[in-house]
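In order, the protein sequence lines correspond to chains H and Z.
Numbering-wise, the working numbering puts 366 at position 366 of the first sequence, and it's gapless, one number per residue.
Numbering-wise, the working numbering puts 1184 at position 184 of the second sequence, and it's gapless, one number per residue.
Keep in mind the hints are simulated off the structure, nothing from the lab.
Treat the hints loosely; a few may be bogus.
As the list claims (entries may be wrong) - Okay, the calculated beta carbon distance ranges per label pair:
#  : chain 1 : residue 1 : chain 2 : residue 2 : range
1  : Z       : Glu1233   : H       : Glu6      : 34 to 42 Å
2  : Z       : Lys1334   : H       : Asp90     : 45 to 53 Å
3  : Z       : Lys1334   : H       : Gly169    : 18 to 26 Å
4  : H       : Asp90     : Z       : Glu1269   : 39 to 47 Å
5  : Z       : Lys1294   : H       : Glu95     : 40 to 48 Å
6  : H       : Asp66     : Z       : Lys1334   : 55 to 63 Å
7  : Z       : Glu1265   : H       : Glu43     : 47 to 55 Å
8  : H       : Gln54     : Z       : Glu1233   : 57 to 65 Å
9  : H       : Glu352    : Z       : Val1056   : 52 to 60 Å
10 : H       : Asn330    : Z       : Arg1101   : 52 to 60 Å
What the hints assert, rightly or not - Here are the simulated DSBU-like cross-link-like pairs (lysine-lysine), alpha carbons at most 35 Å apart as the crow flies:
#  : chain 1 : residue 1 : chain 2 : residue 2
11 : Z       : Lys1069   : Z       : Lys1057
12 : Z       : Lys1020   : H       : Lys323
13 : H       : Lys57     : H       : Lys294
14 : H       : Lys334    : Z       : Lys1020
15 : Z       : Lys1310   : H       : Lys213
16 : H       : Lys20     : Z       : Lys1283
17 : H       : Lys20     : Z       : Lys1180
18 : H       : Lys159    : Z       : Lys1084
19 : H       : Lys148    : Z       : Lys1213
20 : H       : Lys10     : Z       : Lys1323
21 : H       : Lys310    : Z       : Lys1334
22 : Z       : Lys1270   : Z       : Lys1213
23 : H       : Lys213    : Z       : Lys1012
24 : Z       : Lys1334   : H       : Lys10
25 : Z       : Lys1159   : H       : Lys213
26 : Z       : Lys1148   : H       : Lys12
27 : Z       : Lys1159   : Z       : Lys1148
28 : Z       : Lys1283   : Z       : Lys1180
29 : H       : Lys323    : H       : Lys334
30 : H       : Lys283    : H       : Lys294
31 : H       : Lys12     : Z       : Lys1310
32 : H       : Lys334    : Z       : Lys1180
33 : H       : Lys159    : H       : Lys57
34 : Z       : Lys1084   : Z       : Lys1020
35 : Z       : Lys1310   : H       : Lys20
36 : Z       : Lys1076   : Z       : Lys1057
37 : H       : Lys10     : Z       : Lys1213
38 : H       : Lys76     : H       : Lys57
39 : Z       : Lys1294   : H       : Lys310
40 : Z       : Lys1334   : Z       : Lys1213
In this text, a Cβ means the ideal position worked out from N, Cα and C, and glycines have one as well.
Number of protein chains: 2
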Amino acid sequence: MNYMEELGQKAKQASHVIAKAGAVLKNQALEAIAKNLLNSTEEIISANQKDLEQAVKNNMNLAMQDRLKLDETRIKNIANAVLKVASMEDVIGEEVRGWIRPNGLRIRQVRVPMGVIGIIFESRPNVTVDAAVLCLKAGNAVILRGGKEAIFSNTCLVKVMQNALTSVGLPAELVQLVEKTDRETAGDMMRLNGYLDVLIPRGGAGLIQAVVKQATVPVIETGAGNCHVYIDESADLEMAVAIADNAKTQRPSVCNAIETLLVHENIAEKFLPEIQQAFEKHKVIIHGCENTRKILGDSVILATEEDYFKEYSNYEIAIKIVKNIENAVNHILKYSTHHSESIVTQNMQNAEYFLNSVDSSAVYVNASTRFTDGEEFGFGAEIGISTQKLHARGPMGLLALTTTQYRITGNGQIRS
Amino acid sequence: MNYMEELGQKAKQASHVIAKAGAVLKNQALEAIAKNLLNSTEEIISANQKDLEQAVKNNMNLAMQDRLKLDETRIKNIANAVLKVASMEDVIGEEVRGWIRPNGLRIRQVRVPMGVIGIIFESRPNVTVDAAVLCLKAGNAVILRGGKEAIFSNTCLVKVMQNALTSVGLPAELVQLVEKTDRETAGDMMRLNGYLDVLIPRGGAGLIQAVVKQATVPVIETGAGNCHVYIDESADLEMAVAIADNAKTQRPSVCNAIETLLVHENIAEKFLPEIQQAFEKHKVIIHGCENTRKILGDSVILATEEDYFKEYSNYEIAIKIVKNIENAVNHILKYSTHHSESIVTQNMQNAEYFLNSVDSSAVYVNASTRFTDGEEFGFGAEIGISTQKLHARGPMGLLALTTTQYRITGNGQIRS
């Protein structure tokens, strides 16, 4: 039995305990975690300090150092987020459907915990706590594998959570950290069939693709976002500019920001100069098709096929003029990662056509794609945004961390 | 672009067409398929004949030859099954949930087709049609990869379905057969990311494990069934014998038949001789624990650890006497494949304890495990029985072949 199998076995045993814990006990555990985080602020900051020293030694860039850093305010915010999860409604035990068969068998489909959830993530240590408490709230055990850049912080945070769990009588093994951060152990985790019910990677495209390619356990793919806004012929011009600008520039690094703007040829001459002006505030680099350059001039770089596939994730965008809505939809079907797309239009038929034709997890009419987010959808918290179709699609809240079980009651029925 | 990628691309394009087809058109397609199957009976039988000749040459065993065989009656049954699927209610377009956010955004979670579904299966050619029409009914394109033993039959059946599809104006590429039956092509299919939204293996444990290990596309694991019946202290004796006998002997080759019988020590002396007598009709081979042998004698083979893990899938069973219900549940948690388990009891607390503690897709009180089946659950038809927790669990009907999409309507909302 290798290191990961040992963690897996402990997690599985612990998962059977929490699966039967009621909402009261689970919430007590979360409240104890929040309290223990606050009480351990000094200890956490000093562990984090070791990671930060290592980061400086390794010349980690300043933005990443900032993401790695924990201070009193951030720890307070993490603790508050835990209390918020505690206050959410419990989803376990819900009777999803129920019916009686002609032979008298009563079948109930009941919501139950997933079991053991694996999370592989990169350096931000707040994810360690966020992800763990969502898994616990949904009645699961969790195995966390963070980056080695945050190993001191993560080890400390997991110890704080484990102490809180045992203080309310739950097993410490409900939250375990993979302390070996080598690649081989990560590979073992991805092949932990029989112990891991699902593995969720959270991080950049490289991490996610590595997990998709190597894992033999079920995976939920998250995050990749080549999103589009299409400005229809009939769009309200002011609304179109506001939505396109917001979708691109409000926070360009996130997955629900757009990368390509599609513009109907009949509105292009009015719309393009206005969006160009709006984009200038953020010095957005524009890659445009030939026709876009005819309108906006040579400051626009000629867009290549590659541009349409690209996630810029910064102040950079591709713009393409299309002949009609069909061309816009076909462009999206070809280049999109099927995350979020929006149409700006005053034409009801076109809105319906777009909703029915675009095969993405979230499709918008007259709103910014930036709303694809668990909080914005009203889910209270989010474990990630699924870009696959299996199990969960779009922002994933607590329900994505559960499964169902059929419970069948009879009085001696046998099959003939 | 390799052979599988070509099939994938064609399937994806076709999937966009059927995704927008209404229930009427989809049902016309299914009715045309049923009609064309009947009209092509001679052609199908003659193609099947070639497979059968090959089977004889290769010394295929007689049971498998029988499963491979198509005759007039079997083709009629397949056509009738297609019509039954056509008569089922359409599941696409259902608004699963809908709500309005404080900012006025209206969010609807709508049921949509999965997209492109891959099925890898073994020799039975009726699966070719059954699986294809379920995928079509749920608005999907399907890529079928059957065994090479049935290649002539499958090629003919797929051609018959394709002709029916084009006769109602739908693309032939909605149903495609992988005509290259080599291992390399199967591997390409398992790694067809970007084209296949899900891959469902149907067949023996070897096939399923190969797919789980090699696939990089999302997979639904099906079929493995190490199922249990637990006879509680308070069980009605007659009911216990009837259920245990039915669960073992009514059709021992299928996945919802039981492999191990757990018996409370206080009822063992009364129950075991009776079930032994019932089992004698089918000459069931019994592997028992030490205590079972004390009661039933030396004709019972001593059960090993390995026996408790085994799927006999024939007239063979393991029997273990347990001290209490906790021991029974722990045995199930350890050895079960989490398919179907049943308790026979007159004690309400024990029934509840069993339902809440056993982590399997279907858990029964006082009924045979043999009911874990799409038809028996009332789903009309079944694409398989999922033994994983992601996406679908237990018998999978049409809903398992769909996903959802968020459709969000606003009037200019942007994120601040």
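- Query: Does the Cβ distance between Lys1334 of chain Z and Gly169 of chain H fall inside 18 to 26 Å?
  - Reply: holds, 24 Å
- Hey, Lys1069 of chain Z versus Lys1057 of chain Z, does the alpha-carbon distance stay inside 35 Å? holds, 15 Å
- Query: Under the criterion that the straight-line Cα-Cα distance not exceed 35 Å, is the pair Lys1270 of chain Z, Lys1213 of chain Z satisfied?
  - Reply: Since the Cα atoms of Lys1270 of chain Z and Lys1213 of chain Z sit roughly 46 Å apart, the hinted pair is violated (cutoff 35 Å).
- Measure nothing beyond the straight line between the CA atoms of Lys159 of chain H and Lys57 of chain H; if it is 35 Å or shorter, mark the hint as holding. It holds: about 26 Å lies between the C-alpha atoms, which stays within 35 Å.
- Item | Proposed proximity, Lys310 of chain H with Lys1294 of chain Z (alpha carbon, max 35 Å) | violated, 72 Å
- Proposed proximity, Lys1310 of chain Z with Lys12 of chain H (alpha carbon, max 35 Å): holds, 21 Å
- Query: Is 47 to 55 Å a correct range for the gap between the Cβ atoms of Glu1265 of chain Z and Glu43 of chain H?
  - Reply: holds, 51 Å
- Restraint status (C-alpha distance of Lys76 of chain H to Lys57 of chain H at most 35 Å): This hinted pair holds, its Cα atoms lying about 28 Å apart.
- Message: Hint check: Lys1310 of chain Z vs Lys20 of chain H, CA-CA at most 35 Å. Holds or violated?
- Response: holds, 28 Å
- Are the Cα positions of Lys1159 of chain Z and Lys213 of chain H separated by 35 Å at most? holds, 34 Å
- Message: For the hint 45 to 53 Å, verify it against the beta carbon of Lys1334 of chain Z and that of Asp90 of chain H.
- Response: violated, 28 Å
- Given the hint of 55 to 63 Å, check if Asp66 of chain H and Lys1334 of chain Z actually sit that far apart at their C-beta atoms. Given range 55 to 63 Å: violated, Cβ gap about 47 Å.
Checked against the numbered hints given earlier, this structure breaks hints 2, 6, 10, 13, 16, 17, 18, 21, 22, 26, 28, 39; the rest are met.
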